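Input sequences plus hints: build the corresponding full structure.
Sequential numbering from 7 applies to the sequence shown in our numbering.
Source of the hints: derived by calculation from the structure; they are not laboratory data.
Relax, there's no trap hidden among the hints.
Distance ranges between label pairs, derived from CB positions:
#	residue 1	residue 2	range
1	120	31	18 to 28 Å
2	19	125	16 to 26 Å
3	68	23	11 to 21 Å
4	53	119	16 to 26 Å
5	44	71	33 to 43 Å
6	19	61	13 to 23 Å
7	55	88	26 to 36 Å
Here the structure is a predicted model, which means the values were calculated and not measured.
Virtual Cβ for every residue (Gly too), placed ideally from N, Cα, C.
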Amino acid sequence: MNVSEKIHHEIYNLVTDFLNTVNKKDKVKLLAKFEVTDDMFEEILEYLDYIGELNLSSLPYKKTINHNIVNKPIFNIDCMNDGGYIVECNTMNFGKETEIVLQCEVDFQDGTYKLTLPLFKS
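Right, dumping it as structure tokens:
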């Protein structure tokens, strides 16, 4: 099921904010806004350091709309039965596309979208 452009844009902004917050190593915001504990954050940093990708960002917004490559999610949003979303999206590192995919859940709570359970994989 496709999501509206408005929801796509909201989720894209959340992903971008999350990646920027990881890059800034802002533990307070990661916990408050994304429910990322110190232990989770340390695991994220260890993984990114291990693979050598330390400045992740989102792909340009226009590239995330209606752009699908088989077996490679550019910016995939799946609707869950409970009204939430599972997101898988490619990332960039210093302006170049990476093989790293961010997977997360996005829920609509108290009138806003909330990104939780982030996982990086390659």
